[in-house]
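A.B. asks: Listed below are the residues making up each chain.
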Amino acid sequence: MKKFRTAILAASAAHALLANASPAAALAHGDPARGKAVYERCLACHAFAYDRTGPRHCGLFGRRAGSVQGFAYSDAMRHSNLVWGARTLDRFLTNPLKTVPGTAMGYAGIADRQERADLIAYLKRVNDSAECHGQ
Amino acid sequence: MFSFIQKQDTTHLSIPANPDDETRRSFLGHSGLLLSGAAVALLAGRDALAKGGQSGASDARILNTALGAELEAIAAYQLGAESGLLQKPVLDLALTFQGHHKEHADVLAKTIVKLGGQPVAAKEKYTFPVDTLKSQADVLRFAAMLEKGAVSAYLGAVPVFGNRELAKAAASILGDEAMHWAILRNALGETPVPSAFMS
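Residue numbers (the numbering used here), protein chains in the order written: chain S, 1 to 135; chain Z, 1 to 199.
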């Protein structure tokens, strides 16, 4: 009986979580080929293999924001407590200045959910490729 | 890894001598006049700049990021000019565009100071993908990629300035860099303006 009640509670909690998850919270499936074109917008400041005006993108996934050795981050980014992954990137790219007020990335963001997903898929693909190995 | 450290030595920033210098100086003078509308608005000491407050600090940060990218562009064109890969009249074009970036950087730095910020300085070293630059077309493609990125960066910055005069000035620079991109594409034999909108 106790096991049954625990299972009911667990199911209820899972249901509540699902019910609270808005459709917007689900990440779109990204196409890295389309993401490559979106990444061209980043090329004034970023590269994969080396730091420029912005930090390098190799090693991005799982990296704590503001942690690339030798790169001069804003205080806001260093103290953002973000760890880069698909969800945090999606949130940041939606509105960088709102997600990390005081970030040096003075950019309005990418409003289109699919474009963000495509960009993140491209970032992931390159991070998993030889281009980023050894970075 | 294709990194190459390019030392930016200000003693080597002189423009190589060529018979078209006078024409280029004249052209730059005129282009400077065209830019001056936005530049003067920035540098005229408008009250809005002085009393920027929190928005002023944010605007200065945005401008400093732009300044960092402009300084890198100046170094990139210098690398192209000194590569020996650019032939006239493409070399002159590159130097003209570099001159524009110098003007942008100058205006941005002065505006940042006006906003109470500290302009970033040019890096002692920049990393460029020199291993991939083997021909004039490679250099032009590299420059076009930077210019297109710059257009997108300014486009993304325009809506987030607290001060609309700064947004207007950023849009003025955006227009200039979009022209660079189109002309570089044209020099590569590509469609100069491939779409009706930029993103």
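Check each hint, because a few of them may be wrong.
DSS-like cross-link-like pairs, simulated, lysine-lysine; straight-line CA separation at most 25 angstroms [as the list claims (entries may be wrong)]:
| # | chain 1 | residue 1 | chain 2 | residue 2 |
| --- | --- | --- | --- | --- |
| 1 | Z | Lys125 | Z | Lys102 |
| 2 | Z | Lys114 | Z | Lys134 |
| 3 | S | Lys124 | S | Lys98 |
| 4 | S | Lys98 | Z | Lys168 |
| 5 | Z | Lys88 | Z | Lys168 |
| 6 | Z | Lys110 | S | Lys36 |
Which stretches of chain Z does chain S cover? Using the computed rule of at least three CB atoms under 8 angstroms from a CB of chain S, they are [what the hints assert, rightly or not]:
| # | region |
| --- | --- |
| 7 | 94-107 |
| 8 | 162-170 |
| 9 | 182-188 |
Just so you know, the hints here were simulated from the structure itself, not pulled from any lab data.
All of these numbers come straight from a predicted model, not from anything done at the bench.
Using N, Cα and C, we set each Cβ at its ideal position, and we do this for glycine too.
A.B. asks: Work down the list of hints and note, for each, if the structure agrees.
C.D. replies: We went through each hint and held it up to the structure:
{"no.": "1", "hint": "Z:Lys125 x Z:Lys102", "in the structure": "holds, 17 angstroms"}
{"no.": "2", "hint": "Z:Lys114 x Z:Lys134", "in the structure": "violated, 42 angstroms"}
{"no.": "3", "hint": "S:Lys124 x S:Lys98", "in the structure": "holds, 24 angstroms"}
{"no.": "4", "hint": "S:Lys98 x Z:Lys168", "in the structure": "holds, 22 angstroms"}
{"no.": "5", "hint": "Z:Lys88 x Z:Lys168", "in the structure": "violated, 34 angstroms"}
{"no.": "6", "hint": "Z:Lys110 x S:Lys36", "in the structure": "violated, 35 angstroms"}
{"no.": "7", "hint": "94-107", "in the structure": "violated (count 0)"}
{"no.": "8", "hint": "162-170", "in the structure": "violated (count 0)"}
{"no.": "9", "hint": "182-188", "in the structure": "violated (count 0)"}
Hint check: violations occur at hints 2, 5, 6, 7, 8, 9; the rest are consistent with the structure.
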